[in-house]
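Novice: Per our numbering, the sequence shown starts with residue 19, numbered consecutively.
Treat the hints as calculated values from the structure; they're not laboratory data.
Errors might be hidden in some of the hints.
[Said to hold, decoys possible] Listed next, the in silico DSS-like pairs over lysine-lysine satisfying Cα-Cα at most 27 Å (straight line):
| id | residue 1 | residue 2 |
| --- | --- | --- |
| 1 | Lys236 | Lys420 |
| 2 | Lys261 | Lys420 |
| 3 | Lys261 | Lys164 |
| 4 | Lys190 | Lys109 |
| 5 | Lys169 | Lys261 |
| 6 | Lys402 | Lys371 |
| 7 | Lys179 | Lys169 |
| 8 | Lys109 | Lys236 |
| 9 | Lys164 | Lys179 |
| 10 | Lys261 | Lys232 |
| 11 | Lys371 | Lys332 |
| 12 | Lys179 | Lys109 |
| 13 | Lys420 | Lys232 |
| 14 | Lys109 | Lys420 |
| 15 | Lys371 | Lys236 |
Computed from a predicted model, the values in this text were never measured in an experiment.
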Amino acid sequence: MKIALRILTLLCVCPATAFAAAPETVEIWHSLDGAAARVFTELTARYNLLQSSVQVQLTRPGDAQETVAAALAQGATLPDLLQVRDDLGEKVLQAGISRPLHGVYQPAFGDAGWFVPDTPSFPRDAQGRPMAYPLAAQIPMLFYNKDAFAKAGLDAELAPKTWYGLQAAALKLSQSGIDCPYTTSDQSWIFLENLSSWHNAPFVSDDAGSAGNKPQLKFNSLLQVRHIALMNSWVVSELLRIKSDDVESNHSFASGECTVLTGGTAALGEALAQPVFHVGVAPLPYYEEAGKQTGHTQIGGDALWLMAGKSKEKYKAVADFLAWFSSPEIAAEWHQRTGYLPVTTAAFTATRKAGYYQPWPALEAQLQQVEQRAKPSLTSLPRKYWQRLRAMISQHLNRVWKQQTPPKQALDDAVHEGDQLLGNPADPAAVVAQRKGNEKTGKKKGP
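Model the full structure from these sequences, guided by the hints.
Specialist: Right, here's the structure in full:
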């Protein structure tokens with residue numbers, strides 16, 4: 019009799035448990051590393067614990083290029099959300115594997131509540147709706163080790179304002195025994211794209227992107243040549259240590275190896291994650307003789323792109339996760355712990371009210387100016403050229419650092435090669451004249 023009752027009980031209970039709705043899975047492929055990857059993992063795990071209808075799974079196929087390459091591989095099973103660096107977006111668009119974010123996710127705060135403005139790196143449609151989720155947007159800043167400044171006899175509360183001021187500080191840091199006074203990340207973005215827009219100097223012709231106009235590269239003018247020549251002199255004198263073009267420089271700064279860094283704001287999150295020293299934050303340096311900075315810096319970074327061909331239930335789950343991640347509390351935490359720009363205006367407001375920016379007023383001031391448009395730069399060009407141009411520019415800059423090519427010749431060559439890539443072959447007579455000029459100055463370290 020007892021056995022019969024147990025069987026009856028199982029028959030009554032099993033159907034309810036066996037047919038319970040399984041949670042919808044949202045798979046995200048990302049290329050975050052270091053502190054940002056740890057924070058993203060922690061936040062998604064928190065979301066998974068808070069509810070049972072959606073479960074987010076994270077996969078890191080590799081760095082930015084490797085992650086996109088994995089998605090574009092033949093026969094790849096696509097995730098639901100894919101992290102895409104701004105200069106790799108065209109590859110994803112051309113592959114036809116994505117769809118606009120606004121078709122699935124309509125945030126409660128409305129289109130005006132996004133913090134990151136409509137820029138070439140984070141474009142919106144005609145109604146102002148983001149095409150992708152601005153997960154990891156950055157602006158360039160200068161970061162420095164306040165403790166190392168004080169030990170070297172420098173004023174820890176006074177960041178270098180000009181490039182020559184940074185040179186004086188780097189010399190003093192070197193004399194105090196520091197092996198890496200200064201380093202930079204993303205050398206094309208910092209040394210040419212942002213240098214140009216920061217000084218309102220042309221990187222590309224003003225009509226770049228206009229219908230019927232062929233853009234011409236302009237980053238071999240006196241300002242840019244002089245800057246690369248100065249940076250090269252720092253490389254020779256070991257004031258500037260050139261790292262790889264990924265996040266190696268951020269890690270070198272966060273560990274205390276390098277004292278000053280110019281790079282994206284994610285460097286702050288990396289440094290705060292392992293608090294070895296007190297961090298100072300300042301705007302990028304400028305050249306006084308070029309006219310005190312009157313321009314604005316560029317916004318760059320990565321977004322989460324929505325993949326096409328998913329079910330209605332899948333997109334509903336994606337929307338639920340993004341709504342949670344965009345809530346003021348979570349979006350503010352993401353911003354504060356990673357250094358990436360706030361996803362929403364509410365997150366920026368909450369961060370400011372919490373006093374987060376008090377140690378770094380320069381950071382708050384720069385964030386308040388993100389709506390200001392910068393001079394046309396590389397991102398004014400068709401997106402399909404971005405990655406190839408940046409890679410090509412870095413190759414020419416690396417030849418300068420290795421003392422293989424003088425700065426002026428390197429930038430002239432880069433502009434010529436870039437114009438050819440853009441379908442703008444240079445005038446042969448101009449090329450001959452340029453070559454003759456380079457031959458006359460070829461033995462010099464600078465222009």
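Novice: With reference to the structure, classify each hint as holding or not holding.
Specialist: How the hints compare with the structure:
no., hint, verdict
1, Lys236 with Lys420, "holds, 24 Å"
2, Lys261 with Lys420, "holds, 13 Å"
3, Lys261 with Lys164, "holds, 22 Å"
4, Lys190 with Lys109, "violated, 46 Å"
5, Lys169 with Lys261, "holds, 25 Å"
6, Lys402 with Lys371, "violated, 40 Å"
7, Lys179 with Lys169, "holds, 20 Å"
8, Lys109 with Lys236, "holds, 26 Å"
9, Lys164 with Lys179, "holds, 15 Å"
10, Lys261 with Lys232, "violated, 34 Å"
11, Lys371 with Lys332, "violated, 36 Å"
12, Lys179 with Lys109, "violated, 38 Å"
13, Lys420 with Lys232, "violated, 33 Å"
14, Lys109 with Lys420, "violated, 32 Å"
15, Lys371 with Lys236, "violated, 42 Å"
Hint check: violations occur at hints 4, 6, 10, 11, 12, 13, 14, 15; the rest are consistent with the structure.
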